[in-house]
Amino acid sequence: MKKILFSVLLIALVPTVLSAEKSLIESIEKSGGLILPWPGKANSWEVEFHLRGRELTDDGLANVASLKSVIALNLRDTQITSAGLIHLKALSKLKRLHLERTKIDDSGINHLAGLQNLEYLNLYGTKITDKALEQLKDLKNLKQLYVWQTEVTDAGVEELEKSLPNLKVVRGIDLSKIVIVKKPVTTTQENLKWMPEGGPEKPPSKSKTGSFTIITFQNKSNKNTKLYWIDYGGSKKLYGEIAKGQERKQNTYSDAVWLITDDKEKPLGYFVAGTKEALAIIPK
Amino acid sequence: MLSLHHNRRDFLHSAVGLAGLSLPTFFQAKATTPTLKRKAKSCIIIYTWGGMSHYESFDPKPDAPAEIRGEFKHIKTSTPGIHFCEHLPLLAKHSEKLAVVRSVHHKHGGHGSGMYVNMTGHNPVGGVKAKGRKNWPSLASMISYFHNPAKGTPRAIRMPYSMFDNGGQQAGEGAGWMGSKYDPILVRTPAGEPWRGVNRYTDHELNLKLNLEKNRITQRRNLLGQLDNAGTEETAYNQLDHYSRMAADMLLGSPVREAYDLEKEHPKIRAMYGNHMGGQSLLLARRLVEAGVPVVQTLLSASDLAGGSGDNWDTHRNHFPKMKDRLLPVFDKAVSGLLTDLDMRGMLEETLLVFLTDFGRTPKVNGNGGRDHYPNVYSLAFAGGGIQGGQVYGASNRKGTEPAAGACSPADIHATAFKAMGIDPSTELHDSLDRPFQLCDGNPLPLF
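Heads up: the protein sequence lines correspond to chains A and B, in order.
Per my numbering: the first sequence = residues 1 to 284.
Per my numbering: the second sequence = residues 1001 to 1448.
Careful: at least some of the hints might be erroneous.
Heads up, simulated DSS-like pairs for lysine-lysine below, C-alpha to C-alpha not over 27 Å straight-line [stated by the list, open to error]:
1. B/1039 to A/140
2. A/249 to B/1264
3. A/202 to A/177
4. A/177 to B/1324
5. A/127 to B/1324
6. B/1322 to A/249
7. A/223 to A/202
8. B/1076 to A/182
9. B/1268 to A/177
10. A/182 to A/131
11. B/1134 to A/168
12. B/1268 to A/103
13. B/1268 to A/168
14. A/168 to B/1037
15. A/131 to A/208
16. A/264 to A/202
17. B/1037 to A/140
18. A/30 to B/1151
19. B/1129 to A/208
20. B/1264 to A/182
21. B/1037 to A/143
22. B/1093 to A/162
23. A/202 to A/143
24. B/1073 to B/1364
25. A/177 to B/1076
26. B/1037 to A/22
27. A/208 to A/93
28. A/244 to A/266
29. A/162 to A/140
30. B/1039 to A/22
31. B/1039 to A/93
32. B/1129 to B/1107
33. A/177 to B/1093
34. B/1037 to A/68
35. A/284 to A/206
Partial pick of chain B residues on the chain A-facing surface, computed with a CB cut under 7 Å [as the list claims (entries may be wrong)]:
36. 1038
37. 1188
38. 1191
39. 1194
40. 1271
These are computed hints drawn from the structure, not numbers from a lab.
Beta carbons: idealized from backbone N, C-alpha and C, even for Gly.
This is chain A alone, in the form it adopts within the complex:
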């Protein structure tokens, strides 16, 4: 009798457990979380919020913690804070954790100290300092730690490396060492001749192929214009619009014919590209 009762109880319980997990998964997915099976292990998960679930807050993280067998968790760019990290304590199987570009700081890192399986931890772009690193020194399996754009120092990293000799700390480049070199602007630009529609000078009826060059169109007229290329067969192809007062850089070939129209496609005039980079000024 007892046996039967037990079986009945078991049969009754199993679906409840399954449906609890199912509703958990559904609610994680509802908040933008993507749940993927972890390869090679049944009922183990990789959970990602960084693409569709960036609105995730600390409360939303509680659902993830209830899922238990989470092996990898990506919280990049979400709204979580240090207070929310308490939910991660339950995820003892966690191997990979992305917390980069979140609002966390040193105060929540102690919740990670017990995650003994952690191998990968990404903290780049957060406010953490050396104090956070001190809390990580017992994570014996930690192999990769990312701390670019944080407040950690050489001394802090050295200290952590003493405790974890197999750890690779990626600190990234020092942006202050990158010098932006500005190339001098080429001043030897010639101006292309404006051939107004109906004027004495007629442009060629179609473009010819030539060498590569660049034209900078400047609209100094008081109306919005459109830019057409007259192709090799003589038909016009729209390339874009140049609003009044605006300019546009255009790759082209020498001997290419360019037509300027007003915004109602009424022709105003033409330019023919030369071999050198040039300015093409649409006059008043």
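Start from chain A and add chain B according to the hints.
Okay, now just chain B, sitting in the frame of chain A:
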């Protein structure tokens, strides 16, 4: 019999298109084989269009006779025993992240077929033409098939333009028989000093920078409607539908639109990649991957090989000055910038980098100081995505004229990429006539 096939297929396509119905689900096969390894999440394909010389990049031959060795010296990398060309000094510091394959070979001496076999992993049969729906899908299309990103995020993006040779667009960059739904979306890189050479924009092309204002989307839709669809076998309707819908979705507040705005990037990070089309394209690639685009393909060279003086890798003339002054510095800076950036953000393991090119260049320098096409042996590379860096697979012989060890094909390179992305290379997909096609008939190289 064959022509009957074609007729039926064309009829089906046009009937479906005219009726305005959505195409039925042609592809039921999914990669069901469970993998024990965690797969890479995204893939960046870096293509040096025109054929990058193996001598002046990943496989210098200091012991070859002078007429083969060329003008450049070799330099040490961070990995003992691995040497690169002296004009890749930045990349040499990243050798621990790179797996170089020095023994790739195939049989195609022309750009069109050389590109096709590298891009699709299959030999071209008969005359393949650009946008043909009988072509094999590109690597980008095939990988993207196995991903289902959020709305407004394309499965695959390619930039900054299509491959052209003498004014003719080349086959192998599209989704071929997989259908337009899987064509990578072509976008224009919005910044950087343009490549010198012929940059053709005659394809469907999206310049999101021109479209940042929402109220212009309708106009853009109309403009897209005017674009020429010549040369396609599929009805214009279907192509336009997929393309314009995706364009509109991308423009309406998706993370992709945000990623496209390079002005939002730190100016020093932008400078790290180099202020040229090559560098800014790879920077954009990183931002797109971060935004959830599964596959990004970038062309690191000017698009039309007919621009003899252009910045492409087809260096029949003045090979050495061109490589030294224009091509290698851009490649070096852009790729090193990408590797540094992905690494410090903790993204390198999840992002597979695949380097492809048409073929290598001839051993003997020709009368014009150039090197010609040479498919007998050439070098390609991988980085990230679970691939073990700091290694060289295979070798060419002392003169760099043929594989001496580990000879492999573009199909093997594809199989390696599929494996890294968690896709079984022997997966079968079905075309619109339900004919089964095995993704790839190569074998993954032991680079993991």
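Evaluation of the provided hints:
no. : hint             : verdict
1   : B/1039 to A/140  : 25 Å, holds
2   : A/249 to B/1264  : 21 Å, holds
3   : A/202 to A/177   : 55 Å, violated
4   : A/177 to B/1324  : 25 Å, holds
5   : A/127 to B/1324  : 43 Å, violated
6   : B/1322 to A/249  : 25 Å, holds
7   : A/223 to A/202   : 23 Å, holds
8   : B/1076 to A/182  : 31 Å, violated
9   : B/1268 to A/177  : 9 Å, holds
10  : A/182 to A/131   : 40 Å, violated
11  : B/1134 to A/168  : 48 Å, violated
12  : B/1268 to A/103  : 23 Å, holds
13  : B/1268 to A/168  : 25 Å, holds
14  : A/168 to B/1037  : 22 Å, holds
15  : A/131 to A/208   : 68 Å, violated
16  : A/264 to A/202   : 22 Å, holds
17  : B/1037 to A/140  : 23 Å, holds
18  : A/30 to B/1151   : 15 Å, holds
19  : B/1129 to A/208  : 25 Å, holds
20  : B/1264 to A/182  : 19 Å, holds
21  : B/1037 to A/143  : 18 Å, holds
22  : B/1093 to A/162  : 26 Å, holds
23  : A/202 to A/143   : 72 Å, violated
24  : B/1073 to B/1364 : 16 Å, holds
25  : A/177 to B/1076  : 24 Å, holds
26  : B/1037 to A/22   : 26 Å, holds
27  : A/208 to A/93    : 67 Å, violated
28  : A/244 to A/266   : 16 Å, holds
29  : A/162 to A/140   : 12 Å, holds
30  : B/1039 to A/22   : 25 Å, holds
31  : B/1039 to A/93   : 19 Å, holds
32  : B/1129 to B/1107 : 19 Å, holds
33  : A/177 to B/1093  : 17 Å, holds
34  : B/1037 to A/68   : 21 Å, holds
35  : A/284 to A/206   : 26 Å, holds
36  : 1038             : 6 Å, holds
37  : 1188             : 11 Å, violated
38  : 1191             : 11 Å, violated
39  : 1194             : 6 Å, holds
40  : 1271             : 5 Å, holds
In this structure, the hints that do not hold are numbers 3, 5, 8, 10, 11, 15, 23, 27, 37, 38, in rising order.
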